[in-house]
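J.: The hints should help you fit chain A with the ligands onto chain D, whose structure is shown.
Residue numbers (this note's numbering), protein chains in the order written: chain D, 3 to 293; chain A, 6 to 257.
These aren't lab readings, by the way, just hints derived from the structure by calculation. No incorrect hints appear here.
Among the chain A residues that face chain D by a calculated CB cut under 7 angstroms, a handful are:
(1) M85
(2) R88
(3) M93
(4) F95
(5) N99
(6) F101
(7) T103
(8) L116
(9) N117
Quick list of in silico lysine-lysine cross-link-like pairs, DSS-like style, CA-CA up to 27 angstroms:
(10) K200/D with K126/A
(11) K200/D with K123/A
(12) K200/D with K144/A
(13) K171/A with K200/D
(14) K112/D with K23/A
(15) K67/A with K114/D
(16) K149/A with K200/D
(17) K246/A with K28/A
(18) K70/D with K46/D
Only part of the chain D face toward chain A is listed, based on derived beta-carbon distances under 7 angstroms:
(19) S182
(20) A186
(21) G191
(22) S192
Built from N, CA and C at the ideal position, the CB exists for glycine as well.
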Amino acid sequence: MRIINTSSIVYRQLKDKAFFIAICVLSSVMAIPLIAILFELIQKGYKQISFPFFTETAPSTLDAMMAKSAGELIPGGIVNGITGTLLIVSIAALIAIPTGILGGVYLAEKPKSIFSTIVRFLTELIQGTPSIIIGVIAYAWIVVPFGSYSAIAGSIALAIMMLPLIVRSTEETLKMLPRSLKEAGLALGSSYTNVVLKVLLPSAFNGLFTGILLAISRVTGETAPLMLTALGSTVINWDINNPTSSVSLLIWEFYNDPYLIDLIWSSSLFLLLLILALNLIAKYIVQRTSR
Amino acid sequence: MNHILELKDLSISYTPGKFAVNKVCATIEENSITAIMGPSGCGKSTLLRAINRMHELYPDIKISGEILLKGNNILQMNPMIVRRMAGMVFQHPNPFPTMSIANNVLAGYNLNGIKLSKGGKEEIVESCLSSVGLWNEVKDSLNKMGTFLSGGQQQRLCIARALALKPDVLLMDEPTSALDPIATNRIEELLLELKKQLTIIIVTHNMSQAARISDHSMFMYLGDLIEYGNTEQMFTNPKDKKTEEYLNGQFG
Ligand SMILES: Nc1ncnc2c1ncn2[C@@H]1O[C@H](COP(=O)(O)OP(=O)(O)OP(=O)(O)O)[C@@H](O)[C@H]1O
Ligand SMILES: [Mg+2]
Chain D
3 MRIINTSSIV
13 YRQLKDKAFF
23 IAICVLSSVM
33 AIPLIAILFE
43 LIQKGYKQIS
53 FPFFTETAPS
63 TLDAMMAKSA
73 GELIPGGIVN
83 GITGTLLIVS
93 IAALIAIPTG
103 ILGGVYLAEK
113 PKSIFSTIVR
123 FLTELIQGTP
133 SIIIGVIAYA
143 WIVVPFGSYS
153 AIAGSIALAI
163 MMLPLIVRST
173 EETLKMLPRS
183 LKEAGLALGS
193 SYTNVVLKVL
203 LPSAFNGLFT
213 GILLAISRVT
223 GETAPLMLTA
233 LGSTVINWDI
243 NNPTSSVSLL
253 IWEFYNDPYL
263 IDLIWSSSLF
273 LLLLILALNL
283 IAKYIVQRTS
293 R
Chain A
6 MNHILELKDL
16 SISYTPGKFA
26 VNKVCATIEE
36 NSITAIMGPS
46 GCGKSTLLRA
56 INRMHELYPD
66 IKISGEILLK
76 GNNILQMNPM
86 IVRRMAGMVF
96 QHPNPFPTMS
106 IANNVLAGYN
116 LNGIKLSKGG
126 KEEIVESCLS
136 SVGLWNEVKD
146 SLNKMGTFLS
156 GGQQQRLCIA
166 RALALKPDVL
176 LMDEPTSALD
186 PIATNRIEEL
196 LLELKKQLTI
206 IIVTHNMSQA
216 ARISDHSMFM
226 YLGDLIEYGN
236 TEQMFTNPKD
246 KKTEEYLNGQ
256 FG
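So that you can see chain D by itself, here it is in the shape it has in the complex (with noise of 0.2 angstroms):
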């Protein structure tokens, strides 16, 4: 029998404790630039919120002008920018969910064909690329040949945007599946095909659907590559032909206006909370099916 050290283990014990401790200081630190952004915007925000907030365009100037002189709160709501956003961020889902997944079912698949070499090489660059420079490629490809800003312009460059992120999970979903789910479907004679259609992507949902809520929780919130290409809208547009608006886009319009710039706390916590809402759903599903 080993003679066992005890005071080796009290400090070790000790050591152990001590590094908990660090790591539950330091990740509370980390917390509260966060707590602190949200809490400024509650603050700063809450009054603008009401039902016609989500019901009414955005002001003019001068409706700002006037309601500031009164005394009053700024007229008006962004439901031009929600609804904006709705659309553009609805049709790049439309566009770079199915092109993601087949994508990464490629990948998955086929791991080491010189063509998923330069898929791979190429979503890293593209989720490495500023997100202005996609804007700008959309602005070159899209709106110079159409000539015109478009709804549809931004949605291209938002589903650029999210396809690396897609084919990715995709591709690391599917991996994590048992071989031998796929060698069961071919063995009952399947096309490989309908193995992939209706038992593995079926099985590999969950991580599916958190990939593509992340990579939609990521681009809801772009301004950059809008200002290119949907450009922003006074109205309620749903033609994907025209120029749109989007809660981005009008922070932005609204912090370059000095009389409309109190509106950016409003819309700002607005779409903080619905960008949190939508990882909060993945991160409820990761969880649901880990366990």
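T.: Just chain A with the ligands now, kept in the frame of chain D:
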């Protein structure tokens, strides 16, 4: 007796020059149970998986020789047809996690795009689950997910899933290695029942299992088929010294 399956000089390698199955020749009779035995790594699974062309999924694997299923070389047939004629049950139960019990049984039809009437579906589900002895246990929870079942039930579900397509040959890779003796027993009884309708090839590490259920036995060693013959004869009077040592538990 009809020869449903014939292996001619079958060789399989994962890495060039290294044969996991080496020039195996054998003919397998219709409506019989053939057990494949041998120490771990001797190539049993590799041989079995060649018969329904599972190796094709992995391009590094090279196969030479012939496998004749009802006289046709399966390597020249459409793999989807081969796999429907030769069903497979894997070592670990692998029901489809997103499908209900009933849909697991019907998976072969759904995946092959074969449309069935509601009555036809119910009939297949009931008859297949009954033949694996699972019907009474699950008939009230057919819409529950297949993965909710116990390991033994899942394995029987997987057998039902393979049987639903009415294969001519059933390939089983240690189907009872993850099961308790009672569940194992039920599957053995089932196999004896099933051999009236089809031909079964079963890989097993359990020698008493092979002795109990199989008509013929193969003994493999390092990729070679050392001995192949009548089970009773092989267990009482093996021809090869290696077989004898293996059956006596001297290695493996
Ligand atoms: N995917 C693979 N890649 C490379 N070599 C492999 C692979 N699968 C099996 N082998 C090799 O092929 C040989 C036969 O393997 P196989 O799985 O057929 O053995 P087995 O008889 O089924 O063994 P066990 O009883 O342990 O299941 C072994 O030497 C193994 O190392
Ligand atoms: Mg094996």
